[in-house]
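Trainee: Each chain is listed here by its residues.
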Amino acid sequence: MNIHLGEPVAGDRVVRVKNLNVSFVGPAGRSHHVVKNVSFDLHRGQCLALVGESGSGKSVTARSILGLSGETAVVEADALELDGESLLGRSDSWWRRIRGSRIGYVLQDALVSLDPLRPVGKEIAEPLRLHRRGTRATREAQVLELLERVGVPSPGLRARQRSGELSGGLRQRALIASAIALDPGIVIADEPTTALDVTVQAQVLDVLKEMLEAGTSVIVISHDLAVVAKLADHILVMQDGQIVESGRAEDVLRRPRHPYTQQLVDAVPSEHTKGTRLSLDGPARTRELFPGTRDHTADDGPLLEAHHVVKSFRGPDKVQRTAVDDVSFRLDRRETLGIVGESGSGKSTLARIALALETPDSGRVEFLGRPWTAAPPREQRAVRRRISVVQQDPLSSFDPRWRVSRILVDAIRLGDPVNAHRAEERALELLGAVRLGEQHLDALPLRMSGGQRQRVAIARAIATDPDVIVLDEAVSALDVSVQAQILDLLADLQDQLGVSYLFISHDLGVIHHVSDRVIVMQDGHAVEQGPADQIFSDPQHPYTQKLLESLPRLEYATLREAVSR
Amino acid sequence: MSVVQTSSPLVSPAPAGDTAGRRARVLTRLAGIKLLSSLFVLWGTATVTFVVLAILPGDRATILLNVRSGLTVPRSPAELAPVNREFGFDDSFVTQYLTYFGRLLHGDLGQSYQSGRPVATIIGEQIGPTFVLAFAALLLAWVLTIAWTLLTAGRGPRLRSLGSAGETVTAGLPQYWVGILLLIVFAAQLGWFPVIGGTSPSGTILPVITLAVPLAGFLGQATRTEFDRAIREPFVLSARTRGMGDLEVRWRHVLRHALIPGITLSGWAIGTLLSGAVLVETVFARPGLGAVLVTAVGQKDLAVVSGIVVLVSALYVVINLVVDVVYVAVDPRLRGSL
Amino acid sequence: MSVLPLPVPPAPRARRGRSRALRVPVSVVISAAVVVLFVVAAVFPGLLATHDPLKTDLYATLQKPSGSHWLGTDDVGRDLFSRIVWGTRTSLLIGLGVMALAMVVAVVMGLASGLGPSWVSGPVNRLLEVMLAFPTLLLALLLVALLGPSAESLIVSVGVSTAPGYARLIRAQTISVKRSGYVEAARALGHTTRTVVRQHVIPNAFRPLVALIALGIGTSVVWASGLSFLGLGVAPPSSEWGLLLNAGKTQITVAWWLEIFPGLAIVLVTLSFTLIGRYIQAVVEGDHVS
Amino acid sequence: MTTHAPSRSRTLLIVLSAALALVLSACSSGGGSSSAGDGKRIVDQTITYAHAQEPPCLWGGWVQQAYLSRQVFDSLVSYDDGKIVPWLATSWKTSEDGRTITFTLRDDVTFTDGTPFNADAVVANNANWAKGIGWNSFTYLTDAKAVDDHTVELHLSQRNPEIFQELSNGHYGIQSPTALTTRSVEDNCHKPVGSGPWIVKQWKVGDGIDFVRNDDYNSAPANAKHNGPAYQKELDWKFVPDANTRWSALTTGQADVIYDVPSVQWATAQKNYEVLNFVSGGRPQAFSFNVQQGPTTDKRVRQAFLYATDRKKIIETVFKGSVPFEGNGTLASSQPDYLNVDSAYPYDVEKANQLLDEAGWTVKNKDGIRTKDGKPLTIRLPFGNGAIVTSDGSAALQAVQDQVKSVGIDLKLIPLTQTQTFAGEKSAPDEKELSFGYWVWGAPNILDINFAAKQGGAPNGNNTTFFDDPEVEQKIKAAQVETDPAKRTAAYDELQQYFSDEAIAVGFYGMTYNAAISPKLKGVWQDQNSNGLLNFNDAYFVS
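Protein chains in written order, with the working numbering: chain W, 190 to 754; chain G, 352 to 689; chain P, 358 to 647; chain E, 426 to 968.
Certain hints may be false.
Calculated Cβ distances over 10 Å to all of chain G for the following chain W residues [what the hints assert, rightly or not]:
no.: 1; residue: 255
no.: 2; residue: 282
no.: 3; residue: 285
no.: 4; residue: 297
no.: 5; residue: 302
no.: 6; residue: 305
no.: 7; residue: 367
no.: 8; residue: 665
no.: 9; residue: 719
Under 7 Å between C-beta atoms, here's a sample of chain P residues computed to sit facing chain W [what the hints assert, rightly or not]:
no.: 10; residue: 420
no.: 11; residue: 424
no.: 12; residue: 538
no.: 13; residue: 539
no.: 14; residue: 545
no.: 15; residue: 546
no.: 16; residue: 547
Just so you know, these hints were derived from the structure itself, not from any lab.
The structure presented is a predicted model; accordingly, all values stated were derived computationally and were not measured.
All C-beta atoms, glycine included, are put in the ideal place defined by N, C-alpha and C.
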């Protein structure tokens, strides 16, 4: 399959890939074919995006251009060229000359892509040293220059620090600085904005944009269509190692032809998707789970109410820091209260207080008008089953020895000490409700996919027939289509069970999609609070405004929606 | 890695100004706590030693008389009385303990009641050879570990299993057995090393190897695990995308990470090396604390045993402090948490 | 030295993926076979031994390994192979006994330190620190001197001396489990502290113990034989392996087999238990294979 | 009053050796070697000697200390082939009642710290012996008195014809009284001052002792091969506990002399090296049956035990000729009044079984052990593992254990640690049926030491058989004060025969001190008194 990418934006072709195939030889000699007949060209100053979900072969494709697809990888291609030179069958020393100097690579997850034991300056200087550019002194100067170029404030200080001492955005920028140290003609950025707060994300995207404008060719790998939309000239959509769709960015995003692309585009939650389904899943059937146990519409008044909650912690350096400072909120029945904020804003602490896992230093939380955080442990336990939780990393919330059935039965019997046989049946019903089957009963969560685990976590959360579920970054680690399925499932559950959500996320799109009302948090303060639509359309607080400005929006998707629906 | 990632998001980098002062205060406080707990450990070990030796069967005065006269007979009260008086063996345990501890507090380790020599002198004579042995063994173990790890870890399956097998086998070797075999083969048969080497450098080689090989196997296991893990870390790939070669990646990036668990083990390793030294010194007839200790325990020579115990536990405390420092030197991430 | 009862290094994590994890490495299978063989030797020494291990034959002393004496004979004409086989009982029993005792002590101390209220954990921690400051052999030496030489006192002294190391591991594990997400999840579900401790903390804190025990048995055999070697072990004519090594030492120049084979037996047992232990560790820590 | 004076021939020998020494020193001042009958003599070198055990102190009552003391101290008299010859004392006489011995001392001897040797020195040392050795109950020595500057009297609590032999052993060395009174316990322990051929330069604990020559030495015993400073400049005394290591040190040339050759190498040692082999005085490694309580009070059980064991073959097999079999359990073969009873109790399993049947131990339990009234025939044998019984000795005991099992005796070997051994544990009559051990002593009053029921009013700890027969004890006491050699021999023969016939104390092997010497070194000799101390004063190398 040879896909024409349209007109080159400028200049000539720098990378040519024709029928690239990559397989990995497994331990038993079995071959695993992960990149299938991929072809594309990259031209000078062009930004090419590889889009797809985890495991679709994006990164392996990109790494093949650096000869780093892996020790056990078998790389075959009709053509694999860099500036007209073939990249096939090259020696290790040849590759070493190419890497860093002609192709820069920005790995995903800057947290672990910089050596945590070495100062950032050394890491950035490393390509210079390896390719014998300048002396130690000139390299030091150059590092500062590079840091400045990628917009790192006080570069002198930062160069001496280690990656662990830097924030995520600074780390990501340092990583980019290292990749562009030798002014390579091509930069490959693998998920450059994943796990970054939205304001930081915007800064990083700006750096990449500047590079493009300066004539560098960029290959950006991302599952985030909004990011891609902001940068890419051309998009390749990959699924299971194959390119399923390609073309100019605008065309692909606006008029996705392949069902997979359409599904991807639809799955992105935003202000426009509110009330719609993101996935192709039909509605979950959960209504019959708790037939007539409780009429959720009966009692009025707030379910959960926090009054002037303050909580501070002593850090490892023995310094007191206020994590949550005078936050109040109320959560009503069938309502979703979104709490949004960047990392360190105190969202998770607030969640733990809402779960009465932490006791606030001052202020209180009430459940159905009765003391909750201040109640004695015995009374708290009686309430706990009515307030469930789904965490970001479901795996760590499961006892590693327990299989799904035991996890569920444990929760079921806590809510309703039924006999063992009945509990098993209930477990199966719960699994059905979260769209898992009987075959998962005996599975260990470790062996399940991220989406499946999150479904198990949700099944456990609803097992006790709760009134409130606290969702702490519950969908943040999931691929967009899986996220879509989970969000749909959550919507169904709320719809059918009348449960309320305290939904915590750093993702503005997700928050907007799910929330009735939103609290925006910054440095422990609730800076703004109100109905979701109002906050998103007319933010009052400067911080909220800044957040929303930074948010890359999927403008093309909006267009598509307007056209097709 | 968990160490890094647990750094709570609540801890934002504090302004530089007051950090230095605060850190100094925190450090002083921590140093104080460390010192106190060290003193406690010293007191504890000295006390345990006293108690064990006190309840150790065998009458001290009898042992003293018998060792002096080369007999193995029970002694009559008439014979024992003067000895008991001389050494205070007939005092109550509390009195003996207070006397003993009072002396320790003054830094007086007392005298061996067998030879009448000050314990400080005895230890002073013997500590050198044992330390040379233990530290040389630790050094050699590290050299072996690093070389072996660089050579075999993170490689193809065959080399990897060879490397790991080598470690597993050597880690399980009984030292005294290795020592005997080395002594017979390399000293007695081949004559490459002296049979009774004493503390001479050539006589130190075989004992050091004997101690180092099993330790290297053990450190190697820990290092390899971490090496295999670290070499799969993204920062390694990151370094390679900059054009770094395989060897340099291992040396500059991976090895440093791989050393961390081994360094933690090194503090503990000194303890086992001292244990091992007891056996190895016996095999090689090498002077050192080991032989003195075994004899002193055999003769219930409290002053000598407790002197060695206090010394070794002081060493333990110091070594662990050193390990903490080295640890931080290798892993600067922990600097903030100190 | 697998002298190493203390900190057990994390085993290489088993590679993810079902197909891989389910396959038991050949080395582990062989180790298991070796262990089974030694266990048979320990339980039914008569089945394997070719001679009476105590039967002296003054007319067949220091015989080289041969068809009638597979591993040769010692200086009073006893069959070395049979002595090693019978010695397995003592040596393995000591290894098991040491681990049993060490584990009881370590579990009590580790749990008290990891789970106890501060008035319990504080003193226990201090005690642990003091015990850890004693080099293992020194403590064992003192204890053997206290108890006199016998298999029982070897068990007690090596067990008590190695326990603090294990206790520290158990404490660390307990604390990490206590802070784990699933304990929090169980609390959030409304389980009582007692249930959480019973259902999650204790079982998970104990999970590494199986591997630890397997690793520790080999180590204990080596420790105990070291004490025997110093003349502080089991009484003759037992053929505990350390004792065999101690006796073989004097004959090594003319009868190498007396020193080599008992040593190999120790190495073989230690190695097998280590490989099994590390495999279990890999399984427990990495993947959960049923 | 009997007077012992040096014989003429001895005097001649001393003169001759002194002359020879003069000649030698004259020659050696010119160069490093001089020629002698057996090739070129090399002097002023270092002798390296590898010994086994390291005592805490250089002198004292333990035999390991005597080896060292002998290098540094001289004694009053020396023992040579059954005779007492002069050393620091030139002549001596014994009073009528035998309780006062008067020594005439040499007047030309100085200790290495410059203190002159005289009667006061002997008085001071007598006090030191009483405290530092603690053997006065065996030697009956009480106090000493200086008669004049060079005449001294030693007083005894009872007649002791063997006192000279005892004084000539290594423990009764004479130290500088100045050093004893003015220096610390530690210094006197580790660097004592004597008038002997060697001076302690340094004691490296755990490693060895460096001795240097006493260049002014002029007080060799009459039985020495020369009088005068040692031929070699230094003596490196290494402590090497492992027998194989010592042997390897000899074969690789690292040691010139080694103590206690491993049995397995004895044949090779005899072939390739000069070997010295001395069976110590006193009592051999012997079995002592508990005759006070338990099954061994029955003579038939004791005899059956002995008939059931092929003791001679065991010793031959285990020790391979380095140590002799010894059937006498009361006196060592090197004792003048020793009686050979090796042919008593030959290996005879049938007889053993028959005796046991007669004694009523007829029923065998499932383990094949004989029982009587339901009680098994168990004989407990605690022994000092390492300290008293070597690993070879332990192997021999295990062979005994296996052999007696075949007649239905359950011999339980209970090894004691050094602590337990020196603490005198497991020595009560209800804790053991059998004891095993030796007693190095230079005189036949060992019988009194070992078989007297009481000692100084208290139970005699050295009496491991718990033997208590006033009549026999009387005979022992009479024998040791008997001055007529013929009567004395007869009395001791009777006693030895008695203990053998009654199977109370029966021997196993001679307590042997052997050494192997490199062919390059000549002239090393072993004192023939009780513990076979090595003399390096006369040693010289040949090319």
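Trainee: If a hint holds in the structure, say so; if it doesn't, say that too.
Mentor: Outcome of the hint check:
1. 255: violated, 6 Å
2. 282: Residue 282 of chain W not clear of chain G: closest Cβ-Cβ about 8 Å, inside 10 Å.
3. 285: violated, 5 Å
4. 297: Residue 297 of chain W is in fact no farther than 10 Å from some Cβ atom of chain G, at 8 Å.
5. 302: At about 4 Å from chain G, residue 302 of chain W fails to clear the 10 Å cut-off, so the statement is violated.
6. 305: violated, 6 Å
7. 367: About 7 Å separates residue 367 of chain W from the closest Cβ of chain G, which leaves it inside 10 Å; violated.
8. 665: holds, 14 Å
9. 719: holds, 26 Å
10. 420: violated, 48 Å
11. 424: violated, 44 Å
12. 538: holds, 3 Å
13. 539: holds, 5 Å
14. 545: Holds - the Cβ of residue 545 of chain P comes within 7 Å of chain W, reaching about 5 Å at its closest.
15. 546: holds, 6 Å
16. 547: holds, 3 Å
Checked against the numbered hints above, the structure breaks hints 1, 2, 3, 4, 5, 6, 7, 10 and 11 and satisfies the rest.
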